[in-house]
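Residue numbers (our numbering), protein chains in the order written: chain A, 4 to 143; chain B, 4 to 143; chain C, 146 to 223; chain D, 146 to 223.
Everything labelled a hint here was simulated from the structure, so no lab data went into it. One should not assume that every hint holds.
Partial chain A-side listing against chain B, Cβ under 8 Å, derived [claimed, not checked]: (1) A29; (2) A32; (3) F36; (4) R75; (5) P77; (6) Y115; (7) S140.
Backbone N, C-alpha and C fix where the C-beta goes; we use that ideal spot for every residue, glycine too.
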Amino acid sequence: MAKPLVHITAEPIIPQEVIDLVRADAAGALNVFIGTVRNSTQNKAVVKLVFEAYERMAIKEMQKIIDRARERWPVTAMAIHHRVGELGIGDLPVVIAVSTPHRQQGFAACQYAIDTLKETVPIWKKEIFADGEQWVSAHP
Amino acid sequence: MAKPLVHITAEPIIPQEVIDLVRADAAGALNVFIGTVRNSTQNKAVVKLVFEAYERMAIKEMQKIIDRARERWPVTAMAIHHRVGELGIGDLPVVIAVSTPHRQQGFAACQYAIDTLKETVPIWKKEIFADGEQWVSAHP
Amino acid sequence: MVTVKLFGIAKEIVGGSTLTLDSPVANVEELLHYLRERYPEFAKLTSLLIAVNDEYARPATVIHDTDEIAVIPPVSGG
Amino acid sequence: MVTVKLFGIAKEIVGGSTLTLDSPVANVEELLHYLRERYPEFAKLTSLLIAVNDEYARPATVIHDTDEIAVIPPVSGG
């Protein structure tokens with residue numbers, strides 16, 4: 004069964020599945036942003052990340068991103084999937100896919116979606132290092 | 004066996020395969036552009052597209068795009084796959100995937116790659132309509 | 146009494162995933178004041194927002210016992 | 146004699162995928178002149194470029210019999 008367009012999951016996200024959710028005959032372009040867990044941050048080796056979500060509100064805020072993108076660009080379809088729980092290096096915290104008639108619209112809508120997600124969606128990331136841990140962006 | 008980073012093929016391109024070619028532990032972002040065959044162009048229904056490539060030169064020009072993107076952005080890896088032959092509505096003529104440490108670089112490098120591909124890579128597209136056909140961009 | 150949900154660093158600052166207030170708060174501003182007074186670590190965060198019924202709320206938003214209230218420390222998804 | 150590869154609309158204008166010239170051309174400029182004179186349809190295209198050994202060539206680029214020459218009508222990949 005196809006997954007919903009807006010989805011928070013503890014299971015690995017498969018980009019191809021998210022892409023397939025937005026494929027459409029009326030679209031000429033399909034833009035995808037995939038967040039990946041880097042092996043380092045600010046020159047410090049990362050062991051793993053832990054993501055936590057206020058799920059019901061996060062779903063609403065993700066849906067708002069799609070609604071607002073639609074107001075600004077002729078979006079054919081957009082999907083936003085975010086993972087929660089423990090993620091290792093190379094795992095995928097987020098996959099955003101958007102189909103549009105033309106590519107410039109797709110780049111703009113995709114960038115808007117990930118930029119806004121990082122500002123408004125109630126999801127929190129903790130970086131685990133060999134010698135400590137921190138909630139990202141919590142402190143100035 | 005993994006496909007090459009720069010590839011021209013008569014077989015369907017599977018986005019997940021192209022994505023997997025550029026995944027890297029040092030990357031925090033992965034941007035993908037997928038061209039899709041639209042069911043219409045300038046309000047005219049499209050039956051199918053035919054792509055033709057000067058393959059040896061196209062491969063060289065696609066490699067130049069990757070080389071130049073690397074000079075401008077800290078690209079971890081970039082793959083460009085282009086399909087040739089007959090494509091139906093919804094088929095994927097091109098898939099570009101790029102991994103970078105941060106997402107802004109990835110959006111810029113990905114957009115540069117598709118914009119430049121459409122200007123420099125010797126590949127030609129013919130649109131087939133119910134009542135005729137035309138080589139795209141051939142005439143002013 | 147109002148119970149608030151806690152996430153991320155807010156959960157660690159308070160030491161639990163929910164907190165039931167021991168005195169009433171009329172609105173979001175009073176709730177933020179309550180939290181910063183009892184748990185000074187909240188004052189050190191980059192930002193601190195309150196959601197009422199799954200929506201970001203303004204300082205003047207009134208809080209009812211039946212509302213779902215959540216403490217939103219700086220988000221960092223993606 | 147030089148043989149040129151033809152692609153896309155150039156193939157249809159000439160009516161074949163290669164063309165062997167029936168008179169010598171010294172450089173790219175002369176080749177373009179040759180093509181536009183024999184096949185006036187080339188003059189109607191948005192652009193017309195020549196590749197010599199898989200690289201875009203300038204008008205002054207010299208053409209040798211051993212070079213691989215290709216006619217590049219307006220590209221439209223992607």
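Hint status (Cβ of A29 of chain A to nearest Cβ of chain B, threshold 8 Å)
Holds - the Cβ of A29 of chain A comes within 8 Å of chain B, reaching about 6 Å at its closest.
Take the shortest C-beta to C-beta distance between S140 of chain A and chain B; is it under 8 Å?
15 Å, violated
Please check whether P77 of chain A passes as an interface residue: C-beta within 8 Å of a C-beta belonging to chain B.
Since the shortest Cβ distance to chain B is 12 Å, the answer is violated.
Verify the interface restraint on R75 of chain A: the C-beta must sit less than 8 Å from at least one C-beta of chain B.
With a closest approach of 16 Å, the R75 of chain A hint is violated.
Would the hint on F36 of chain A be counted as holding, given a Cβ-Cβ threshold of 8 Å to chain B?
6 Å, holds
Hinted contact A32 of chain A with chain B - closest CB pair below 8 Å:
6 Å, holds
Agreement of hint Y115 of chain A with chain B interface, Cβ distance less than 8 Å:
Since chain B brings no Cβ nearer than about 11 Å to Y115 of chain A, farther than 8 Å, the hint is violated.
In this structure, the earlier hints numbered 4, 5, 6 and 7 are contradicted, and the remaining ones agree with it.
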